[in-house]
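**Q** Please work from the sequences and hints to get the whole structure.
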Amino acid sequence: AQKITQTQPGMFVQEKEAVTLDCTYDTSDPSYGLFWYKQPSSGEMIFLIYQGSYDQQNATEGRYSLNFQKARKSANLVISASQLGDSAMYFCAMREPITGGFKTIFGAGTRLFVKA
Amino acid sequence: GAVVSQHPSRVICKSGTSVKIECRSLDFQATTMFWYRQFPKQSLMLMATSNEGSKATYEQGVEKDKFLINHASLTLSTLTVTSAHPEDSSFYICSASIRLDEQFFGPGTRLTVL
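Taken in sequence, the protein lines are chains B and C.
As numbered in my numbering, the first sequence has no gaps in its residue numbers, which increase by one up to the final residue, 586.
As numbered in my numbering, the second sequence has no gaps in its residue numbers, which increase by one up to the final residue, 118.
There's no promise every hint is true.
To be verified - Anything over 10 Å on all C-beta distances counts as not near chain C; from chain B, calculated:
#1 Q484
#2 K486
#3 D496
#4 S535
#5 K540
#6 A541
#7 S550
#8 A558
#9 V584
Unchecked claim - Coverage of chain C stretches by chain B, computed from C-beta distances (three or more under 8 Å per stretch; other residues unrestricted):
#10 45–56
#11 92–99
#12 102–115
Calculated from the structure, these hints are not laboratory results.
Ideal Cβ positions, reconstructed from N, Cα and C, are used throughout, including at glycine.
**A** Pasting the structure below:
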């Protein structure tokens, strides 16, 4: 069963506008973490933002904010004031405990296109 | 942020040969390292999780005898693709973590098996 779902294969946004990338997750464990990563065409994975399941406030990092709706199990990424350099693949990921440690799994990704 | 390196960045090999990929955490000691595989235009698929000094935990469907993982120290993990075949051609990415809210990725290794 899909545990991390990103329903938007591609998104377009006008430069300087805000865009929301959707992510829903499924876990029965009360302790988990949610990440967003950016992957440009070079292939590197760039960490953007993290939200812990017990965090009371939504995480923010510069132009990135995470809209954490715990009851709905959603963790949408909001990018404000989009820039041309934001064009890339964006992955939502969830870390959950396993026996002896933890693991992080990824959603299918959303390709963001920023238009000039 | 912390730095994770991978070597080699790109490798081309003949079918049937074995390829070793190294993953190093350069400025921190990683208690846990992850290996992912990414096919073109697809997401990262977790292959295995390894903790220093113990056997790796493989994801369902990943052959542990084909993808050998050795996490010999807190700064080094290796992935060996044994008897590689063209279907093993992919982008392999390692990741290291010391805290629950941090996970750093290497630059990836592009493997092409002819």
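**Q** None of the hints should be skipped; say for each whether it holds.
**A** Tested hints:
no.	hint	result
1	Q484	holds (25 Å)
2	K486	holds (27 Å)
3	D496	holds (16 Å)
4	S535	holds (16 Å)
5	K540	holds (17 Å)
6	A541	holds (22 Å)
7	S550	holds (22 Å)
8	A558	holds (13 Å)
9	V584	holds (19 Å)
10	45–56	holds (count 7)
11	92–99	holds (count 3)
12	102–115	holds (count 9)
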